[in-house]
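*Asks:* Chains as they are written, first to last, in our numbering: chain U, 1 to 194; chain E, 1 to 190; chain W, 1 to 202.
Hint data in this document are derived by calculation from the structure and do not stem from the laboratory.
Note that CB positions come from ideal geometry on N, CA and C, so glycine has one too.
Every clue listed holds true.
Derived EDC-like pairs (lysine to aspartate or glutamate); straight-line CA-CA distance at most 16 Å:
#	chain 1	residue 1	chain 2	residue 2
1	W	Lys-133	U	Glu-164
2	W	Lys-82	W	Asp-58
3	W	Lys-111	W	Glu-192
4	E	Lys-125	W	Glu-123
5	W	Lys-195	W	Asp-113
6	U	Lys-65	E	Glu-88
Partial list, derived from the structure: chain E residues whose beta carbon lies under 10 Å from chain U:
#	residue
7	Gln-85
8	Leu-108
9	Ala-176
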Amino acid sequence: MTNKENFLKGFFRENAVFTLLLGMCPALGVTSSAINGLGMGLATTFVLIMSNVFISIFSSFIPDKVKIPSFIVIIAAFVTMVDLIMAGYAPALHEQLGVFIPLIVVNCLVLGRAEAFASKNQIFPSIIDGVSMGLGFSMALTMLGAVRELLGAGKIFGITIFSENYGMLIFVLAPGAFIALGYLIAFINKLRKA
Amino acid sequence: MEFIVIIISAIFVNNVVLAQFLGICPFLGVSKKVSTAVGMTGAVTFVMILATIVTYLIQKYILDAFGIGFMQTISFILVIASLVQLVEIMLKKVSPPLYQALGVFLPLITTNCAILGVAIMTIQKDYNLLEAVVFSGASAIGFGLALVLFAGLREHLDLVDLPKGMKGAPAALVVAGLLAMAFMGFSGIV
Amino acid sequence: MADKKESTFINMVLVLFIVTLVASAALGGLYELTKEPIAAAKLAKKLKAIKAVVPEFDNNPSDDMYSVDMPSGDKIEFYPAKKGNELVGTAVKTFTTNGFSGYIWVMVGFKPDGTINNYSVLEHKETPGLGTKMEPWFKQSDPAKASCVILGKNPGTSNLTVSKDGGDVDAITAATISSRAFLEAVQTAYNEYSKQMKGGTK
Numbered sequence: 001m002t003n004k005e006n007f008l009k010g011f012f013r014e015n016a017v018f019t020l021l022l023g024m025c026p027a028l029g030v031t032s033s034a035i036n037g038l039g040m041g042l043a044t045t046f047v048l049i050m051s052n053v054f055i056s057i058f059s060s061f062i063p064d065k066v067k068i069p070s071f072i073v074i075i076a077a078f079v080t081m082v083d084l085i086m087a088g089y090a091p092a093l094h095e096q097l098g099v100f101i102p103l104i105v106v107n108c109l110v111l112g113r114a115e116a117f118a119s120k121n122q123i124f125p126s127i128i129d130g131v132s133m134g135l136g137f138s139m140a141l142t143m144l145g146a147v148r149e150l151l152g153a154g155k156i157f158g159i160t161i162f163s164e165n166y167g168m169l170i171f172v173l174a175p176g177a178f179i180a181l182g183y184l185i186a187f188i189n190k191l192r193k194a
Numbered sequence: 001m002e003f004i005v006i007i008i009s010a011i012f013v014n015n016v017v018l019a020q021f022l023g024i025c026p027f028l029g030v031s032k033k034v035s036t037a038v039g040m041t042g043a044v045t046f047v048m049i050l051a052t053i054v055t056y057l058i059q060k061y062i063l064d065a066f067g068i069g070f071m072q073t074i075s076f077i078l079v080i081a082s083l084v085q086l087v088e089i090m091l092k093k094v095s096p097p098l099y100q101a102l103g104v105f106l107p108l109i110t111t112n113c114a115i116l117g118v119a120i121m122t123i124q125k126d127y128n129l130l131e132a133v134v135f136s137g138a139s140a141i142g143f144g145l146a147l148v149l150f151a152g153l154r155e156h157l158d159l160v161d162l163p164k165g166m167k168g169a170p171a172a173l174v175v176a177g178l179l180a181m182a183f184m185g186f187s188g189i190v
Numbered sequence: 001m002a003d004k005k006e007s008t009f010i011n012m013v014l015v016l017f018i019v020t021l022v023a024s025a026a027l028g029g030l031y032e033l034t035k036e037p038i039a040a041a042k043l044a045k046k047l048k049a050i051k052a053v054v055p056e057f058d059n060n061p062s063d064d065m066y067s068v069d070m071p072s073g074d075k076i077e078f079y080p081a082k083k084g085n086e087l088v089g090t091a092v093k094t095f096t097t098n099g100f101s102g103y104i105w106v107m108v109g110f111k112p113d114g115t116i117n118n119y120s121v122l123e124h125k126e127t128p129g130l131g132t133k134m135e136p137w138f139k140q141s142d143p144a145k146a147s148c149v150i151l152g153k154n155p156g157t158s159n160l161t162v163s164k165d166g167g168d169v170d171a172i173t174a175a176t177i178s179s180r181a182f183l184e185a186v187q188t189a190y191n192e193y194s195k196q197m198k199g200g201t202k
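This is chain U alone, in the form it adopts within the complex (with noise of 0.2 Å):
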């Protein structure tokens, strides 16, 4: 495929939570709010860019048997790394996020990129397939995140839009997220049918 059409693939067509319904969840744990939904993204989108990278490069290197357990080591590397930078630098969302940041080794987003797409293909599209696919689950995490934030609390991203006491708390709780994001995906669809 050529790079434009790698680049925007992660966005609709192929997006991670809406069309192929990966990484459900941290998509359902942590979009409470916009910026929680979006921080997540971005602490993901990172992982899959760098995991991505180097197991494009040493893909070759590693014998068929061990490659899910070597990719899941690198993957987790990244990710202890994102943890520990997060829990230095942005506390705040690093609490927020809490245990969902080290279960992104186990988002099989990331995983099943690095065996679909990295391991057989170049730095460059790897690269770009990371950027994509981390890009749209950042953007697909923000708009649920968003929704629920709007409709539960009246706020988005922290700015009050209309008061609390008109908001239908349950979008805020469990209940809340699995049927904000089933309306979500449906309105997708919709979307892309038309």
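For this one, chain U is given, so just place chains E and W on it according to the hints.
*Replies:* Chains E and W in isolation, oriented as in the chain U frame:
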């Protein structure tokens, strides 16, 4: 008594899937039939309890002892990956039909955030080994409960007439949300 | 990618070992680099909680911290705030186990005479929209709701329980259990604080 609190909390009040959002991928992927849901639960329970025990020991005797806490993610995920390999080999020998039924979902247990999540939470909650076993076992039961209930609901969903845009994932998610809402009724018990 | 390495046992083990070794080394390095910022962030967070509840100070309350063990196994922590060596307030990290959903941790700032200067809810699992109102409820500025406010009250002279139980404080609407628990935590802080004040020159 403490154990009852841990058990009720893990299964109902803080259900690993419906309240903590862990294990969603298999939750959505394997829950189409009740029989596969039950099989998956068995495999997950086995891996979850074993993984929690091994990671607990690693944390206490290696990571904490040598002050290399930052190796937690790498070591834990390697343990889980190896355990899943083990389960795969065992299942192939002991119950080939179940091995076939679970198919591609078996290796996916490695990426089941519920397993890594429960292992990490056990450390965060500062449980001792016995509490860790109880917690992981109860979490696995909670996972299974959510999975089996949801499979039952989905078997019905498939027979119902839905607007085209809602078929599949969207409807499943909304129903999961309603199930999560029902489970919210348990809050305040412990 | 063209050639793949053979999957001999030695190759497999060697490669996995090297990958893990390099990863661990890289992480070890980054860990050393981020150790300080992480510790600084933790300290800043603690100081922020203390600053929010006691009057201005110029010492490091975290350094002067002392604690008391409670029967539940948890500790009540006292952070003295001093200005020019004189005690201007003490931040007490207190808790209750009787919240609607378990533990509630609160940081209460007492003036030296035991009056409540301010408070900050640290950790809880109360119901969003109900129990979570704890943070603003007991310090709201609406004069019509003055009976809900505990700032300026001294638990030694006021009855710091909900009015339903005969106390002086109005509970959060529809969140009596959380309110009761919150006040219990504050009362516990005061009780332990008074014990400390009577006991010595802290």
